[in-house]
Structure formats: structure tokens, C-alpha cells
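With the sequences and hints as input, model every part of the structure.
Protein sequence lines, in the order shown, are assigned to chains A and B.
Numbering follows my numbering, with no gaps: position 138 of the first sequence is 138.
If you want my numbering, it's the 1-based position in the second sequence plus 1000.
Please keep in mind that the hints were generated in silico from the structure rather than gathered at the bench.
Only a predicted model underlies this, so the values are computations on that prediction, with no experimental measurement involved.
Don't be surprised by glycine CBs; every beta carbon is placed ideally from N, CA and C.
Among the hints, erroneous ones may be present.
Stated by the list, open to error - Lysine to aspartate or glutamate pairs mimicking EDC-like chemistry, simulated, CA-CA at most 16 Å apart:
1) K1004(B) to E1210(B)
2) K93(A) to E103(A)
3) K1059(B) to E1047(B)
4) K1153(B) to D179(A)
5) K1004(B) to E1243(B)
6) K173(A) to E1210(B)
7) K1054(B) to E1097(B)
8) K173(A) to D1154(B)
9) K1153(B) to E239(A)
10) K1003(B) to E235(A)
11) K1401(B) to D1310(B)
12) K1178(B) to E156(A)
13) K1220(B) to E1236(B)
14) K1004(B) to E156(A)
15) K233(A) to D1148(B)
16) K233(A) to D1216(B)
17) K1126(B) to D179(A)
18) K229(A) to E1022(B)
19) K1059(B) to E1038(B)
20) K173(A) to D1120(B)
Said to hold, decoys possible - Sample of chain B residues with no beta-carbon within 12 Å of chain A, all distances over it, derived:
21) S1026
22) G1035
23) E1058
24) S1062
25) T1093
26) G1109
27) R1132
28) K1153
29) K1240
30) G1241
31) D1310
32) R1311
33) F1313
34) Q1377
Stated by the list, open to error - Calculated from the model, a selection of chain A residues having no Cβ within reach of chain B, i.e. all distances over 12 Å:
35) D18
36) N31
37) P47
38) E100
39) K128
40) Q193
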Amino acid sequence: MEAYIRGVGIISPQKTFDTEEFLPEVVEYSNNSLRCIEPSYKDFLNPTLARRMGRVIKMGIAASSACFKDSGIAMPDAIMTGTALGCLEDTEKFLLAIIENDEQFLTPTSFVQSTHNTVSAQIALQLKCMNYNFTYVHKGYSFESSVLDGLMTIAEGNGKNILVGGHDEMTDKYYRVCDRVNYWKKEMTPTLQLINSKTDGSVAGEGAAFFMLSAEASDKDYAKLRSLKFIYKPESQQEIEGRIGEMLAEKGLTANDIDLVIYGINGDARYDGIYNQLKDSYFKNSTAAYFKHLCGEYQTSGSFAMWLAARILKSQSIPPSVLIGENKHASIKNVLIYNCFMGTDHAAFLLSQC
Amino acid sequence: MDKKVYVTGIGIISAIGDNVAETLASFNSLESGVGQLEHIASRHRGEIPVAEVKASNEKLTSMAGFSSDYKNTRTALLGIIAAKEAVKSAGITNIREFRTGLISATSVGGMGMTENLWMDYLDTTKSGDWLRYIESHECGDSTEAIADSIGVKDFLSTISTACSSSANSIMLGARMIKQGLLDRVIVGGTDSLSKFTINGFNTLMILDREHCKPFDGQRKGLNLGEGAGFIVIESEAAAKGKEILCELTGYGNANDAYHQTASSPDGAGAYLAMEKAFSVSGLKPADISYINAHGTGTEINDLSEGTALDRMFDKKVPMISSTKPFTGHTLGACGGIEAVFSILAIQHNMVYPSLNHVHPMPELSFTPVKELKKNQQIDHVLSNSFGFGGNTSALIFSRKK
Chain A
1 MEAYIRGVGI
11 ISPQKTFDTE
21 EFLPEVVEYS
31 NNSLRCIEPS
41 YKDFLNPTLA
51 RRMGRVIKMG
61 IAASSACFKD
71 SGIAMPDAIM
81 TGTALGCLED
91 TEKFLLAIIE
101 NDEQFLTPTS
111 FVQSTHNTVS
121 AQIALQLKCM
131 NYNFTYVHKG
141 YSFESSVLDG
151 LMTIAEGNGK
161 NILVGGHDEM
171 TDKYYRVCDR
181 VNYWKKEMTP
191 TLQLINSKTD
201 GSVAGEGAAF
211 FMLSAEASDK
221 DYAKLRSLKF
231 IYKPESQQEI
241 EGRIGEMLAE
251 KGLTANDIDL
261 VIYGINGDAR
271 YDGIYNQLKD
281 SYFKNSTAAY
291 FKHLCGEYQT
301 SGSFAMWLAA
311 RILKSQSIPP
321 SVLIGENKHA
331 SIKNVLIYNC
341 FMGTDHAAFL
351 LSQC
Chain B
1001 MDKKVYVTGI
1011 GIISAIGDNV
1021 AETLASFNSL
1031 ESGVGQLEHI
1041 ASRHRGEIPV
1051 AEVKASNEKL
1061 TSMAGFSSDY
1071 KNTRTALLGI
1081 IAAKEAVKSA
1091 GITNIREFRT
1101 GLISATSVGG
1111 MGMTENLWMD
1121 YLDTTKSGDW
1131 LRYIESHECG
1141 DSTEAIADSI
1151 GVKDFLSTIS
1161 TACSSSANSI
1171 MLGARMIKQG
1181 LLDRVIVGGT
1191 DSLSKFTING
1201 FNTLMILDRE
1211 HCKPFDGQRK
1221 GLNLGEGAGF
1231 IVIESEAAAK
1241 GKEILCELTG
1251 YGNANDAYHQ
1261 TASSPDGAGA
1271 YLAMEKAFSV
1281 SGLKPADISY
1291 INAHGTGTEI
1301 NDLSEGTALD
1311 RMFDKKVPMI
1321 SSTKPFTGHT
1331 LGACGGIEAV
1341 FSILAIQHNM
1351 VYPSLNHVHP
1361 MPELSFTPVK
1371 ELKKNQQIDH
1381 VLSNSFGFGG
1391 NTSALIFSRK
1401 K
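Spelled out as C-alpha cells, the structure:
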């Protein structure tokens, strides 16, 4: 199961949308909650419609539109997206209305838009695309499931160009709610110092990133997506390394063939040890990079990492802001992403230069 | 691709029973699960009928095999109960013997807890062990609770495509087996009632104040329900030597791309999903013995689905019923629950009645089955599930040849 990444579209807390440049500068955040730099939506949605929509729906529509444009594919053969929290803003709006008005005087708009599949559905609706349409909602495996489904659909011969993506939004209230179960750092931590943090918790993030997976190679391709593995609740470092080893062996590779590893390091003392052990032993010969100081921690952050890997492979350049240590490789052929959410949902992606 | 996907186990909990045996007994005695709300303190209690699982959360915790220290959402508990029954019925004693996955589905996940605790979550002066429920809000959390309770580790995922969610989890599991990614998968879905969904559907004015009557010319809407349904599907190699309940021969997924909530009048998406399911199965519409319809009882669904069925079956629609007057519309769980009903129909050669049906719909060529029918030859069952966002899915279950 392999596919070419023919196009991308991403809205993130960095300047990643509507720009040819690859992370020209870093936007630093110091309030422990990174929010997306949103485009003007008037090019993607009619203003009346946009006013009624939650932020994540608009981000999803704009980012997927950018992906269609970038890939030159106007009508995908299937649409599958991942979102752990769905349309949080609309969900909260309807929930609060129920509580405050004691289940009276409610209107349907926010309920209708609160369902997790709203973004996939709206993309289909805008394109009038009646093809296969799925929404995955499994925490740190939401985006990963959409990618797996995309690879599988291509392997089945059921489509040549598949839209996959991940999207999650953070709200002020949900930030506070998650803070109560120690998701975030208690002290304000500027994002560029995140990697040096020794305390528990991370900083909150969000984003919407879409990819056009294609069965056939083209001159637009960013990279080849070669493998994706889920490693649920690994019981030991040996288990993680064993599973990565199997994944590489299936492709005839070893750890030494991996030029760059992109880690989900998020400054959380509870979980960063997993990445650091891989970095310092199993992948000690590979160049190391990280990304959550750019996008924050969120369940579908794997989509930001996949965008980063794709851009690096296409441009053959690693932005200095993501490097940990020095770049040990003149050319980047194989990239591995290792990411997990809250220590449970681990995933590894393998991408190669086209 | 000619790889087969066999069903070897089923598990269910809904308003008509806590397990397969109780469910069959309710069908035999024509006992609907629709009644008044008991477990949720809603102002709509007594006004909007629902099909609630009778047990309290405490009772469900014990039924799920946990002590009272175990705290989880109703969605997770219902899922654990049904998934455990499915695993047991498949005769699985060592879950790690084969590469085994769990694919669940839900529409609201842990909302049933969130809606009661939301204001307390935001009030940092309050604290307690209820803070644990914060993490159970996410849809995937119930799936992980189910996976951990039965020991699944190789693969898990969760799907939310509104009311077609668990039909899609069954479809995904079948595809993964055919691709050789897994040997067996526990697939289905779980959803509990919540004020969120009751009020949401109420604002759309599609909740019947009486028992719902799918495919009736005077239908007034749906009754919400709750529950969970899981089935165990296995590759030929994994199922070798086991009792095979039936084969999952067809599946199809499409999008109506018509409106965020409403189905198209001609049921174009529904038609496409069924067409794909037939194509995967290699069967013809005439091969179908019974259709377990989505049949919610809303004005729009039944017209859209019925029109698509008339077109698909060239107005020669076989025996058809909606089981939602028994279980209510269990949203993210209905595809799993109705998969269990479809499998039981084949196993027991029976067809369930569509309760409360009186007046034929003038737009359609067919009326649903009104009595419980036994000793039927049921070889192929089509099960439809459609949802908000235009998501349409169809599954075909077949007697093993």
C-alpha cells in the first residue's frame, strides 16, 4: 500500500497557507495555546454561509480547496478526514444553549454543524461529490485512519486520487477543560523554549491539513507515502523499536536508511522520553527534527508532520527551525515520522523522495 | 477480489434486550422498547418517547464485568457489554491468537456525561473523581475502553458519519480483512441517549410524539434510542473450524451531496450505496430475501430511501421492514444493531415486523412486513444506514454457501 502525495493544503498556527515559501519565519506563541493563522474565507465560501459556520468547518473547506488547487485534481475519487473533537465550537454553542435555556428556545444550526462529519460532508456538498465519504474520530488515530483508508482505497483499485486530511480546532473553554486533566503546562512556555521544558504538559494546538494521495506518479508530487503503522499503547521501548524495525524491513530498509526522523516532541516530561530514546539510540545516525513548537499539541497533529515531511522531501531542505542538532545528510531520501498523543495512540509514517 | 469475510460472533444491547437471547424474545413477543425517558433528567421526559436501555449506569458497570470503582460513560459501557458478548459468541478465548482489530462507531461519544458536568469542568473551585470524564468526551475514548476490556491491541479506529457510522465500521473491517491487514475484527458501534441529541433532533422537528411508524403515509418522525451492536468478522483462515453465522458479501458507501441534513428526494446517495454493495457481492437485487431498511419514520428519509429502493428493485421490493419501532433510532449504533438483526434473520429464517404501520405511502410501490414471519428462506439480507452529511451505506449479509 503506497501512494504519491500530489498536493497539499494546510492552515496552521504558522504561515503555511497561500504561500510558496516553506516556513520562512517562525511565529512564536507564549500563551500555551497556538491558534491558526486563518485566511480570508471569501474566496472559498459565500459570506452568509461562512458567518454561520464554526471555525474548523471554514478551515477545512479552505485547506481542502487549496489542496485541490495544488494537486490539480478537482474531483477526488474519495474523501476521508480525521477529527478527534469534531466541530467543537458548534458543539459548545449548542451544549451551552441547552444548559442555559433549560432545553428551551433552541435553534438547529449549531446542532446540525456539530456532527463530526460536517467537514467531510461540506466538502462533498461543495463539490457535489457523491463518492466514498468517511470521517474518522479516533483521538490520536483520527488523521492516521484517514490516511490508512486512502492507501487502502488505492490498493483496492477503487480510486486514483483520494483526499485525506486532519482537522481539529481548540476553543478557550475546551482549553480550560483539558487543563483540568493536565494536558497543558501550568507555566506559560514560549514555543521556542518548549523542547527544553522539563515539566509535565504541553501547549495546545490546532490545524487543518489535507493531502491528495494519488495512485500514479506526476510531476507535481511531493513525496511517496510508503507505510503507516499504528502502535497502540506500546508496553516497552523494545516493542516500539520492534514495530518500527518490522515496518522498515517490509520496505527493505533499516534504521540507517532513514535520513530524517520527525518526532512528536511536545515538551511534556511524561512522554518526551519515548522520542528521545529513539533519537539517541535506534535512530542515532539520522537527522532529527520536531514540529509541535510550530503547531502545538493536538490529536490530528500528525497531519502537520506529514505536511512537513512532504515539503522537506520535495524541496530537499530542512527549515532550521525544526532541526534538533545538525543536519547530517546532504540529501533526504527517506523520512520517518514518529508521533503519539498522550502516550497512548502511537503512529509511525514512512515517506520517501519521489 | 474473492476473499471471504465470515461473521462468527454477535453481541447486542438495546431497549429490547441486554443480549441476543433477550432481543430474540422481544421480537417473538412483539415487544417494543419505546417508552418514557428514565435515566436522563430532561424536561422532555414524558413528552418525547425514547427507546432507552433499561439498566442504570451502575447496573451496566456490573454487567460489563467491572466493580463499582470503574467509571465510564454509558456509551463505553454499552459498547463493552455488546463487544464482550460478540467475542464470547465467536468462541474467542485468546484474542492475541490472530491479528485482531476493533473498529467502533459513535455519534456523540461521551456527551452524555459532558452535558451534565460541563459547568463543573469550567469551575476550578470544584473538583472530584468526575474529572475523569473529561477525557471520556472524545469519541475514540469509548473505543479504547472497549479494546482494553477485550484485549485488542493490533488495530483500533472509530468512525463517526452520523447515523451510518457503524455500518461504515463494518465495511472498513471487511476491507481490512480482504487487504490482508487484519485476520479478524470486532466491528460495530455504540451510542447512548443524551440531552444533546434529544434536543438536537427536537429542534429539527423530526421526533414523533408517539411511537414512530416507518414507511407509513402518516409518519411523523423518529424515536431516538440507545444501545450497541458488534459483530466479529474473520478471514477464511481465522474462521477455519469455527461455526460461521453468515458471510458479509457486500458493502457500499456513497454521499448524497444534496444537503447537510436532508436526504435527496430521489435517494441518489442511497441508490449509489446499494449499487456498490451489489457490485462487491456479485449479487442481483432479485437475490435479496429481506431488507432491513434504515426506515427512521421521518418524512424525508422514508421517501428518499423508499424511492431509491423502488428504483433499485424495479418496484419489486422483497420483504422489507424497519426495526426502529422496536429499538428506536440508535444513531451511531444502528448499523451495528441492525447488522445483528440481519444475521439473526438468516440464522433463524425470520423477518421482523415493521410495527405501527397502517397507511401505505402513495409514492411507493411497497408496504413493509407487518407481522413476525417465521420459516422463511432468508439467504441474503440488505441492511441500509443513512446519515446527516449525506453519508449513505449499505451492507449485504448472506447465508454461507
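Comparing the hints with the structure gives:
Proximity of K1004(B) to E1210(B) is assessed by CA-CA distance (about 43 Å); at most 16 Å being required, the pair is judged violated. With a CA separation close to 13 Å, the supplied pair K93(A) and E103(A) stays within the 16 Å bound. Only pairs whose Cα atoms come within 16 Å are accepted, and K1059(B) paired with E1047(B) is rejected, the gap being roughly 26 Å. This hinted pair does not check out: K1153(B) and D179(A) have alpha carbons roughly 28 Å apart, beyond 16 Å.
Proposed proximity of K1004(B) and E1243(B) is supported: the alpha carbons are some 15 Å apart, at most 16 Å. A C-alpha spacing of about 38 Å is found between K173(A) and E1210(B), which places the hinted pair above 16 Å, so the restraint is violated. A threshold of 16 Å between alpha carbons decides the hint, and for K1054(B) with E1097(B) the separation of about 35 Å lies outside it, so the pair is violated. For a cut-off of 16 Å, the pair hint linking K173(A) to D1154(B) is broken: about 35 Å separates their Cα positions.
A hinted pair counts as satisfied when its Cα atoms are at most 16 Å apart, and K1153(B) with E239(A) qualifies at roughly 12 Å. A distance of roughly 33 Å separates the Cα atoms of K1003(B) and E235(A); the hinted pair therefore is violated under the 16 Å criterion. Our distance criterion of 16 Å between C-alpha atoms is broken by K1401(B) and D1310(B), whose separation comes to about 28 Å. Pair hint K1178(B) plus E156(A) holds up; C-alpha atoms about 9 Å apart against a cutoff of 16 Å.
A distance of roughly 45 Å separates the Cα atoms of K1220(B) and E1236(B); the hinted pair therefore is violated under the 16 Å criterion. This hinted pair checks out: K1004(B) and E156(A) have alpha carbons roughly 15 Å apart, not beyond 16 Å. Simply put, K233(A) and D1148(B) have alpha-carbon atoms about 10 Å apart, close enough for the 16 Å limit, and the pair holds. Our distance criterion of 16 Å between C-alpha atoms is broken by K233(A) and D1216(B), whose separation comes to about 49 Å.
Only pairs whose Cα atoms come within 16 Å are accepted, and K1126(B) paired with D179(A) is accepted, the gap being roughly 14 Å. The suggested pairing of K229(A) with E1022(B) is violated, with an alpha-carbon distance near 40 Å, which exceeds 16 Å. Restraint check for K1059(B) and E1038(B): satisfied, since their Cα atoms lie roughly 14 Å apart, inside the 16 Å limit. Between the alpha carbons of K173(A) and D1120(B) the distance comes to roughly 12 Å, so the proposed pair stays at or under 16 Å and holds.
Taking the minimum C-beta to C-beta distance to chain A, about 30 Å, the non-interface status of S1026(B) holds against the 12 Å cut. Annotated as non-interface, G1035(B) keeps its C-beta farther than 12 Å from every C-beta of chain A; the closest such distance is 20 Å. Every CB of chain A lies more than 12 Å from the CB of E1058(B), the least distance being 24 Å, so the non-interface label holds. Remark: the non-interface label on S1062(B) is consistent with the geometry, its nearest Cβ contact in chain A lying 26 Å away (cut-off 12 Å).
With a cut of 12 Å on Cβ distances, T1093(B) stays outside the contact zone with chain A, its closest approach being about 21 Å. For G1109(B), the condition that its CB be more than 12 Å from all CB atoms of chain A is violated, with the nearest at approximately 7 Å. With a cut of 12 Å on Cβ distances, R1132(B) falls inside the contact zone with chain A, its closest approach being about 8 Å. The Cβ of K1153(B) sits about 6 Å from the closest Cβ of chain A, inside the 12 Å cut-off, so the non-interface label is violated.
Listed as outside the interface, K1240(B) is consistent with that label: its C-beta sits roughly 24 Å from the nearest C-beta of chain A, beyond the 12 Å cut-off. Every beta carbon of chain A lies more than 12 Å from that of G1241(B), the smallest distance being close to 28 Å; the non-interface claim holds. No beta-carbon of chain A comes within 12 Å of the beta-carbon of D1310(B); the shortest separation is about 19 Å. At roughly 15 Å from the closest C-beta of chain A, the C-beta of R1311(B) stays outside 12 Å, upholding its exclusion from the interface.
At roughly 20 Å, the least C-beta separation between F1313(B) and chain A is larger than 12 Å, which holds for a residue marked as non-interface. Every beta carbon of chain A lies more than 12 Å from that of Q1377(B), the smallest distance being close to 33 Å; the non-interface claim holds. For D18(A), the requirement that its beta carbon stay farther than 12 Å from each beta carbon of chain B is met, with the minimum near 27 Å. Distance check for N31(A) against chain B: the nearest CB is about 18 Å away, which clears 12 Å, and the non-interface claim stands.
For P47(A), the requirement that its beta carbon stay farther than 12 Å from each beta carbon of chain B is met, with the minimum near 18 Å. For E100(A), the condition that its CB be more than 12 Å from all CB atoms of chain B is violated, with the nearest at approximately 10 Å. A cut-off of 12 Å between C-beta atoms contradicts the statement that K128(A) is not in contact with chain B; the least separation is 5 Å. Taking the minimum C-beta to C-beta distance to chain B, about 26 Å, the non-interface status of Q193(A) holds against the 12 Å cut.
In terms of the numbered hints stated before, the structure departs from hints 1, 3, 4, 6, 7, 8, 10, 11, 13, 16, 18, 26, 27, 28, 38 and 39, listed from lowest to highest.
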